[in-house]
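Q: Sequence:
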Amino acid sequence: MRVLGIETSCDETAASIVSDEGEVLSDVVHSQVKLHAEYGGVVPELASRDHLKNGRYVVEAALERAQLGLEDLDGIAVTCRPGLAGALLVGVQLAQGLAWASGLPLVGVDHLVGHLLAAYLRFPGLEPLSPRLPFVALIASGGHTAIYRVDSKQAAGVRELGGTRDDAAGEAYDKVAKLLGLGYPGGPVIDRLAAEGDPRGVKLAKPMPQRDSLEFSFSGLKTNVARWVEQHGRPGDDQTLRDLCAAFQTRVVEALLSKTFRAVSNEEVDCVVLGGGVAANRQLRARAVELGTSRGIHVVAPPLRGCTDNAAMIAYAGAQRLLLGEDDRGQLTTSTKTGLPRVTRKGRGKRTRNLPHEV
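Throughout, this note's numbering is defined as the position within the sequence shown, counted from one, plus 3.
Hints are computed from structural coordinates only; laboratory data are not their basis. Some hints here could point you the wrong way.
Below, simulated DSS-like cross-link-like pairs (lysine-lysine); rule was C-alpha separation at most 30 Å, straight line [what the hints assert, rightly or not]:
hint, residue 1, residue 2
1, 181, 37
2, 181, 209
3, 340, 156
4, 340, 56
5, 349, 156
6, 340, 181
7, 181, 56
8, 206, 181
9, 209, 340
10, 56, 37
11, 349, 181
12, 349, 209
13, 349, 206
14, 37, 340
This one's a predicted model, so the numbers in the text were calculated from it and none came from an experiment.
Between the sequences and the hints, there should be enough to build the whole structure, so can you do that?
A: And the structure:
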């Protein structure tokens with residue numbers, strides 16, 4: 004089965020053709036980073052307009068690189084949730100038009116399910132990865148941070164174990180980078196500077212260190228950095244800047260992995276999967292492998308191109324639905340919220356479990 008995937012949930016316009024076994028036949032991504040950089044973050048209206056301008060181009064490029072036509076495909080998959088409302092609408096309308104014109108079945112894919120299954124992708128020239136079901140997955144990106152138990156490749160087999168109460172990890176990176184005058188996006192530049200710093204050089208508090216919780220909170224760490232800057236001034240391009248970045252990143256990585264491996268122990272599984280843009284962070288990947296090796300846990304992290312938003316993961320996740328004969332033509336809608344049930348409530352106050360998912 005060969006599936007065309009389309010991804011427009013945020014600031015990447017992407018199309019890809021992937022087999023139901025995860026073989027990536029083409030993978031095209033048009034990034035909007037330069038478009039949004041001067042604003043320090045994604046501007047939804049600009050993102051939607053750029054998707055409109057580049058949607059046809061990425062689809063045609065994906066078909067050309069795979070040396071296929073629409074008539075050679077078995078189905079179409081498109082991100083329908085969660086994401087920016089206007090951006091999602093562009094991708095879904097494009098996919099629906101292609102499905103109507105070609106007669107191909109169409110399925111909607113939850114963006115988070117795509118990230119959870121990205122480790123199954125088989126990119127040319129790279130050794131295939133082998134996630135073992137069931138596994139515990141950490142999804143960390145600019146908009147989402149949560150730990151899941153994954154029992155199958157279908158959304159029904161995914162259960163959230165804990166998520167962030169406030170800022171996502173990637174969002175915290177971007178906000179701290181803005182505080183330090185490092186530009187947007189913040190993750191790559193902080194990762195680079197942190198590699199040259201001493202995390203003990205600047206003292207920052209641990210974010211939400213409760214041992215019995217699988218929830219995250221990064222707003223306090225961000226505030227901690229802001230207060231440090233108020234007291235000491237914004238550091239220049241010196242060792243202090245590198246130490247501050249190292250201290251911040253180490254706290255984020257510690258929080259993410261300590262709770263992920265706690266979940267592994269609680270769920271009694273032997274495999275951890277990393278996903279989302281923050282999973283491209285070098286310290287996170289290296290530390291995860293180190294912890295996994297010491298505990299006999301198999302750690303799987305997709306190649307860097309599979310961590311950031313891409314259409315290959317959407318095509319593969321869609322293929323799993325198409326294999327079951329599912330078809331959303333004529334009934335596909337969009338939502339800014341994930342369809343996965345959530346157990347973590349945003350904000351302060353008494354925590355409750357098993358919250359109904361938002362539709």
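Q: State for each hint whether it applies.
A: Verification of the supplied hints:
With a C-alpha separation of about 16 Å, the suggested pair residue 181 and residue 37 falls inside the 30 Å cut-off, and the hint holds. A threshold of 30 Å between alpha carbons decides the hint, and for residue 181 with residue 209 the separation of about 21 Å falls inside it, so the pair holds. For the hint pairing residue 340 with residue 156, the CA-to-CA distance comes to about 20 Å; that is within 30 Å, so the pair holds. Taking the CA atoms of residue 340 and residue 56, the gap is near 25 Å; set against the 30 Å cutoff, the hint holds.
The suggested pairing of residue 349 with residue 156 holds, with an alpha-carbon distance near 27 Å, which does not exceed 30 Å. Distance check on the hinted pair: residue 340 and residue 181 sit about 26 Å apart at the alpha-carbon level, within 30 Å; holds. Among the hinted pairs, residue 181 with residue 56 is consistent with the structure: their alpha-carbon atoms are about 29 Å apart, no more than 30 Å. In summary, the hint linking residue 206 to residue 181 is supported, as the alpha carbons are separated by about 20 Å, within the 30 Å threshold.
Pair hint residue 209 plus residue 340 holds up; C-alpha atoms about 29 Å apart against a cutoff of 30 Å. Simply put, residue 56 and residue 37 have alpha-carbon atoms about 15 Å apart, close enough for the 30 Å limit, and the pair holds. A hinted pair counts as satisfied when its Cα atoms are at most 30 Å apart, and residue 349 with residue 181 qualifies at roughly 23 Å. The hinted pair formed by residue 349 and residue 209 meets the criterion: a straight-line CA distance of about 19 Å does not exceed 30 Å.
At roughly 27 Å between alpha-carbon atoms, residue 349 and residue 206 fall within 30 Å of each other, so this suggested pair holds. Between the alpha carbons of residue 37 and residue 340 the distance comes to roughly 26 Å, so the proposed pair stays at or under 30 Å and holds.
Violated hints for the displayed structure: none, as all numbered hints are satisfied.
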